[in-house]
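Visitor: For the record, the sequence lines run as chains A and B.
In terms of full-length UniProt numbering, the first sequence opens at residue 1 and continues consecutively.
In terms of full-length UniProt numbering, the second sequence opens at residue 1 and continues consecutively.
Calculated from the structure, these hints are not laboratory results.
Values in this document were obtained by computation on a predicted structure and should not be read as measured data.
Keep in mind that a hint or two might mislead.
Unchecked claim - To be clear about the criterion: a stretch of chain A counts as covered by chain B if any three or more of its residues have a C-beta under 8 Å from a C-beta of chain B, and this derived list gives those stretches:
id : region
1  : 30-38
2  : 92-105
3  : 137-151
To be verified - Sample of chain B residues facing chain A (criterion: CB under 8 Å; computed from the structure):
id : residue
4  : F310
5  : W338
6  : R377
Even for Gly, the Cβ is constructed at its ideal location relative to N, Cα and C.
Listed below, chain by chain, are the residues.
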Amino acid sequence: MMQTVAWVVSLVFMLIVTAVFGIVAIKSTEERDYTPIKKKWYKARTFYGVILVVSMLVVTIYTLRDLPYNQPVYSAEAQPTIVDVEALQFGWELSETEFKVGEPVEFHVTSKDVNHGFGLYDEEMNILTQTQAMPDYTNKVYMTFEEPGTYEVLCMEYCGLAHHLMTAEITVTE
Amino acid sequence: MVIIGVFSFEYASSWTFLYPLPQLSANAWGTAGALLYLLGMLILGVGFLLFYLDAGRAIIKNYGSLGKGLGWDVISGKKSEDNAPSSTVIASTMVIIVNVTALTAGATVLIMNVINVVNPAFTVDPLLAKNLTYAFGHIFANSIIYMGVIAVYEILQEYTKRPWKVNKVFLVAWSMSTFFTLLIYTHHLLMDSVMPAWMLIMGQALSYANGLPVLVVTAYGALMIVYKSGIKWDIGSALIFTSMFGWVVGVVPAIVDATIVVNEVMHNTKWVPGHFHMYMALGACAMIFGFMYYLARQDSHIKTNMADRFGFIGYMIAIIGLSGSFLMSGALSTPRRWATHIPEWMGPAIFGGVAGILALVATTIFVIHFIRFILIRNKTDERTGMNKKQLA
Numbered sequence: 001m002m003q004t005v006a007w008v009v010s011l012v013f014m015l016i017v018t019a020v021f022g023i024v025a026i027k028s029t030e031e032r033d034y035t036p037i038k039k040k041w042y043k044a045r046t047f048y049g050v051i052l053v054v055s056m057l058v059v060t061i062y063t064l065r066d067l068p069y070n071q072p073v074y075s076a077e078a079q080p081t082i083v084d085v086e087a088l089q090f091g092w093e094l095s096e097t098e099f100k101v102g103e104p105v106e107f108h109v110t111s112k113d114v115n116h117g118f119g120l121y122d123e124e125m126n127i128l129t130q131t132q133a134m135p136d137y138t139n140k141v142y143m144t145f146e147e148p149g150t151y152e153v154l155c156m157e158y159c160g161l162a163h164h165l166m167t168a169e170i171t172v173t174e
Numbered sequence: 001m002v003i004i005g006v007f008s009f010e011y012a013s014s015w016t017f018l019y020p021l022p023q024l025s026a027n028a029w030g031t032a033g034a035l036l037y038l039l040g041m042l043i044l045g046v047g048f049l050l051f052y053l054d055a056g057r058a059i060i061k062n063y064g065s066l067g068k069g070l071g072w073d074v075i076s077g078k079k080s081e082d083n084a085p086s087s088t089v090i091a092s093t094m095v096i097i098v099n100v101t102a103l104t105a106g107a108t109v110l111i112m113n114v115i116n117v118v119n120p121a122f123t124v125d126p127l128l129a130k131n132l133t134y135a136f137g138h139i140f141a142n143s144i145i146y147m148g149v150i151a152v153y154e155i156l157q158e159y160t161k162r163p164w165k166v167n168k169v170f171l172v173a174w175s176m177s178t179f180f181t182l183l184i185y186t187h188h189l190l191m192d193s194v195m196p197a198w199m200l201i202m203g204q205a206l207s208y209a210n211g212l213p214v215l216v217v218t219a220y221g222a223l224m225i226v227y228k229s230g231i232k233w234d235i236g237s238a239l240i241f242t243s244m245f246g247w248v249v250g251v252v253p254a255i256v257d258a259t260i261v262v263n264e265v266m267h268n269t270k271w272v273p274g275h276f277h278m279y280m281a282l283g284a285c286a287m288i289f290g291f292m293y294y295l296a297r298q299d300s301h302i303k304t305n306m307a308d309r310f311g312f313i314g315y316m317i318a319i320i321g322l323s324g325s326f327l328m329s330g331a332l333s334t335p336r337r338w339a340t341h342i343p344e345w346m347g348p349a350i351f352g353g354v355a356g357i358l359a360l361v362a363t364t365i366f367v368i369h370f371i372r373f374i375l376i377r378n379k380t381d382e383r384t385g386m387n388k389k390q391l392a
């Protein structure tokens, strides 16, 4: 699950940052001449900078390979079910709410009034995907449900006082 | 006007509102509340704009141009590094450039909203309005830390008795920060697939790149200047050093969230306040509090006590706890700005609430120290350094 990956990666790097600052704080009470320190650590910085740039490039290329905006390639037998989604203060209007496991679904999301956010949650209330619901525009979400169950749509963009009441249910069967 | 609009006229779009929410409130507030709020914010913005224009005028007058304020003549080799502008001038120039841009975008979208509230027949492209809103909000919020870091440059040099010299790498880093800060607001629009794909990909790539100046130059420089310096720690220096830790540690979840495939599940969850509380509360605010303690030490004989030490430790624990609870909530898919929570979301929320109380206590201690300093300062004769009783 992407949330776990994000949490673990963040935690690891945050701990590394904490360790580096901790070590420097501990060593700070010793007093040494600054010139050799600068010479040594400027040299190390070049190495560190290069590693950082290369790592960022690799992660950028790796994570940009498959974007949620890209429409999946459908086979002739599996054409997607198009679901029109309209958000309005404070509810959702979906043209269909019942789907089959493995059925490719395209949610075409727009809004009748203000900006909303279309967040799709599984039964454990983990968010699976989302997009913005905006007046005058239609954002698309591509989804193939892998498990049967009751899924929920939650509003993800503050849209007024009853923002938190803006939910809807989707049923997925075998 | 903002306060009257919110408390008397129940205007509740929050400051991060998106067009056309001020006009379409589902009958929660009316035209008067919306106009008071929007016009109040507009006046605030114009005030800031005048301040930055005046600061920009001063830099152009003294250094020739904003480009020279960023040290471009040093980067191009026309001037030596020894004649480079000070770090304070460089950071100020960067903030002037980005904030004049941000405030122009912000004022534009505010005026559009004002006209829409008065005359709903006047409509705006919602995507354009959203771009202008985030171009303002992202830049203006981020520039706080770039202003605060001036205190880090100045104060750490003094505490460590080591120079923090401006060189070409430093200048290039600040120019990079200027460009990236202007361009990366699109990472707030990653869940708007109607945006041009190249802008969203740029949002991710440049958000990563925006981490480089702080990770490779500013924070690295702070670590180097403190390392084996024999620094005498006090609350001021400790807060300043902590602020660099807060900035860097907050960059980590920020970069993670700027990744499109992660943003798909983290956008508008509590992960977002998780990362910005780290670099704003533990970064920017710690810079301000550190500067307050530094000023008090420099300008009076005030002593720090156990309460101040408790305040410092409490503040660190509180902000780490608060930000950590937000990040954990984000990982649990808790949406932002929800007035109610399901039971599964409550654990980190309660923990965050307790951490918030501790942060309030710690902040109160910092403020009390500063008020004590002001009182002592007011009683002290400037020429003799003696208080009024001693003079009598």
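Visitor: Each hint: holds or not?
Guide: A quick look at each hint next to the structure:
1. Counting residues of the region 30-38 of chain A whose beta-carbon sits less than 8 Å from any beta-carbon of chain B gives 6, enough to reach three: the coverage restraint holds.
2. Using a Cβ-Cβ cut-off of 8 Å, 0 residues of the region 92-105 of chain A lie near chain B, which falls short of the minimum of three, so the contact claim is violated.
3. With 4 residues carrying a beta carbon less than 8 Å from a beta carbon of chain B, the region 137-151 of chain A meets the three-residue requirement, and the given coverage holds.
4. A distance limit of 8 Å between C-beta atoms decides the matter here; for B/F310 the minimum to chain A is near 19 Å, and the interface restraint is violated.
5. Checking B/W338 against chain A by beta carbon gives a least distance of about 4 Å; that is within 8 Å, so the hint holds.
6. Checking B/R377 against chain A: minimum C-beta separation of about 30 Å lies over 8 Å; hint violated.
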